[in-house]
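Protein chains in written order, with my numbering: chain A, 71 to 208; chain B, 0 to 480.
I should point out that these hints are in silico values taken from the structure, not numbers from a laboratory.
Heads up, some of the hints might be wrong.
[Claimed, not checked] No more than 35 angstroms apart at the CA atoms, straight line, and that leaves these computed lysine-lysine pairs for DSBU-like:
id, chain 1, residue 1, chain 2, residue 2
1, B, LYS60, B, LYS332
2, A, LYS195, B, LYS106
3, B, LYS17, B, LYS332
4, A, LYS157, B, LYS60
5, B, LYS47, A, LYS195
[Stated by the list, open to error] Pairwise CB distance ranges (calculated):
id, chain 1, residue 1, chain 2, residue 2, range
6, A, GLN190, B, GLU395, 33 to 39 angstroms
7, A, GLU109, B, ARG419, 17 to 23 angstroms
8, A, GLN190, B, LYS29, 43 to 49 angstroms
[Unchecked claim] Some but not every residue of chain B turned toward chain A, in silico, with C-beta under 10 angstroms:
id, residue
9, GLN15
10, GLY16
11, GLY71
12, TYR84
13, GLY95
14, PHE126
15, GLY134
16, SER135
17, ALA189
18, SER202
19, HIS244
20, GLY247
21, GLU269
22, GLY406
23, ARG413
We put the beta carbon where it would ideally sit given N, CA and C, even for glycine.
Residues per chain are reported as follows:
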Amino acid sequence: MFELFEHEADIGIRGFGRSMEEAFRNAAKAMFSVMVDLEDVQTVEQRTIKVSAADAEALLVEFLNSLLSIASMENMLFSEFKVKIEKNSEYVLECVAKGEKINLKRHRPKIEVKAATYSQLAVSKRNNRWVAQCIVDV
Amino acid sequence: MQLKKIADYVWELPKQGKMLVPGRIYGDEKTVEHLYMEEQRGGWSAIKQLANVASLPGIQKYALALADIHPGYGSPIGGVFAMDYEEGVITFGGVGFDINCGVRTMKTPLKLEEVEKIKEKLAEELFRKVPAGLGSTGELKLNLEEIDEVLAKGAHYVVEHGYGFKEDLEYIEEKGRIEGALPEAVSIRAKQRQFKQIGTLGSGNHYLEVQYVEQIFDEEAAKNYGIEKEQILISFHCGSRGLGHQIGMDYLKELDAARKKYNIEIPDRELVCAPIQSEEGQRYFGAVKAGINCAFANRQVIAHLAREAFCEVIGIAAKEIKTLYEVGHNTAKEERHKINGEVKRLLVQRKGSTRGFGPHQEEIPEEYRKIGQPVLVGGTMGTYSYILRGTEKAMEETFGSTIHGAGRRMSRVRALKQWRGEILAKELRSKGIIVKAHSWRGLAEEAPGAYKDIDEVVNVMHNAGITLKVARVRPIICVKG
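Assemble the whole structure, with the sequences as input and the hints as a guide.
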């Protein structure tokens, strides 16, 4: 499950989950839902990314920004994500993102996300439910 | 935090806590009321952000915010921060993700009535020619070496390759190329993101408009800038695209490591920074300059595409369309300003604000030196934009800086609930404005009603004597991503 939340200039994205991994996955969905209706994206291609960070919050920003970089470089949109997070001396995240090249007619893209930011950034667990959120700059 | 009124339209945030200098805000009672309300609500507050910036090492005189102040990432939008070039820091928050996002305005020899007749066709052609929106690509495809040249040479590179004219360069800040860019400080990934994005408008609040001069406030200045009533202008707002965004992402990390290394305490994660004179600081500054040049090149290509559309539909020569001026909003520049009576070498970071130099400055085109630098302030597609001029007072009080736009008053999520793009386009059409948008949803988010009143912020700066009104322009065509 994910949602978008209000912000004065840009947009807030929030992912929920029973695990941190699921919350991250849903946060990624939330971010791409700003750019496109997810059901319009066919999952015919996949890309793997690996990022690391000292804390869970920085990991979320790293993760989302890596997805944006790949999407922008390859002119792709993603709609499904498989996320694995390990914690040793630091957090390490591996993600398989599925999607396809942008097709302007079929995807009717909405608005471009420039970056995920540290603003209202939070990764937390409340009542057995994980939440991962931040503001994205559009 | 309480603000103290120190003059008409000028407020001081007294030094407190870890602030090294006071804050200064240009605004009226309404501006201040809004700032207080925001702070009381908790969460994001522009006053708090201004106080945070005032605690950065090396900051001079005061942390400054102009009438379009609102919360940003680390630093408030509408902010200007002058750092001691030897002792100060350079911060990510003072530049942000869209490096040198800015506005270019061009003058055509046409009058409103000549364009009204073929408005529909012109709008179609501009929409077809100027790539905009998510996933759009430009006609200029570059490889790594060519991108490095763009980053080093800015608008000059694309002029050499047939986009626009040498005469345009004189009327761009830094003459279209800032010295000292370090292409090697920009990641391969950032460069790859720009292979196909030169000459694209982007989305969000970026636009291209055909406008007419509705009202002139200052005849002498208007004459000097070469504009008259009913004249058709072309204005567009865009930045450094994917390359700029990636530089931001990369240095958010690198500067975090640097500030730990140099033991700099910061009150907000987005104010990550490094001493200007450190290796990391110089690398970031060089990367920002590369981003600045990328945006110059980007806008020069869009200028060319807009000219092509006009030539094809109206049959005028491309050279008849001249650049009035081009300003940047998110920049870091080395400048000299007076501090306590002495001229000092500074790093001036403008975050969502515009350079607006007064008369006689050698940085502005010779032709405009008697009047001062033109400042182009973007309004919304339903209202109007302004052309202002810089003053001597701005040189003394605001490090030669002023506002950049109206600023939002409503969130995108709320705007989406309130407006529908298709209906909005119809409403604007009934007012004589043709809107061409790649995304109806994106258009709804940019509804004129979601923005503050541009008149108010412009009037504050005018009444404070920082930038004076020259002309007001109204859109007849608007192209959006």
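Going through the hints against the structure:
1. B:LYS60 to B:LYS332: With a Cα-Cα distance of about 17 angstroms, the restraint between LYS60 (chain B) and LYS332 (chain B) holds, given a limit of 35 angstroms.
2. A:LYS195 to B:LYS106: Roughly 57 angstroms separates the two Cα atoms, so the pair is violated.
3. B:LYS17 to B:LYS332: Since the Cα atoms of LYS17 (chain B) and LYS332 (chain B) sit roughly 26 angstroms apart, the hinted pair holds (cutoff 35 angstroms).
4. A:LYS157 to B:LYS60: violated (45 angstroms)
5. B:LYS47 to A:LYS195: holds (28 angstroms)
6. A:GLN190 to B:GLU395: 33 to 39 angstroms: holds (38 angstroms)
7. A:GLU109 to B:ARG419: 17 to 23 angstroms: Between GLU109 (chain A) and ARG419 (chain B), where Cβ atoms are some 20 angstroms apart, the hint holds.
8. A:GLN190 to B:LYS29: 43 to 49 angstroms: violated (26 angstroms)
9. GLN15: Hint on GLN15 (chain B): violated, closest Cβ of chain A at ~23 angstroms, above 10 angstroms.
10. GLY16: Violated, because the Cβ-Cβ distance from GLY16 (chain B) to chain A comes to roughly 21 angstroms (cut-off 10 angstroms).
11. GLY71: OK, holds: GLY71 (chain B) within 10 angstroms of chain A, min 8 angstroms.
12. TYR84: Constraint on TYR84 (chain B) not satisfied, violated at 27 angstroms.
13. GLY95: Status holds, d = 8 angstroms.
14. PHE126: violated (13 angstroms)
15. GLY134: At 4 angstroms from the nearest chain A Cβ, GLY134 (chain B) passes the 10 angstroms test, so the hint holds.
16. SER135: Interface hint status for SER135 (chain B): holds (8 angstroms vs cutoff 10 angstroms).
17. ALA189: It holds, given that the least Cβ distance between ALA189 (chain B) and chain A is near 9 angstroms, below 10 angstroms.
18. SER202: holds (4 angstroms)
19. HIS244: Since the shortest Cβ distance to chain A is 5 angstroms, the answer is holds.
20. GLY247: holds (6 angstroms)
21. GLU269: Holds - the Cβ of GLU269 (chain B) comes within 10 angstroms of chain A, reaching about 5 angstroms at its closest.
22. GLY406: holds (8 angstroms)
23. ARG413: holds (6 angstroms)
The structure is inconsistent with the numbered hints 2, 4, 8, 9, 10, 12 and 14, although it conforms to all the rest.
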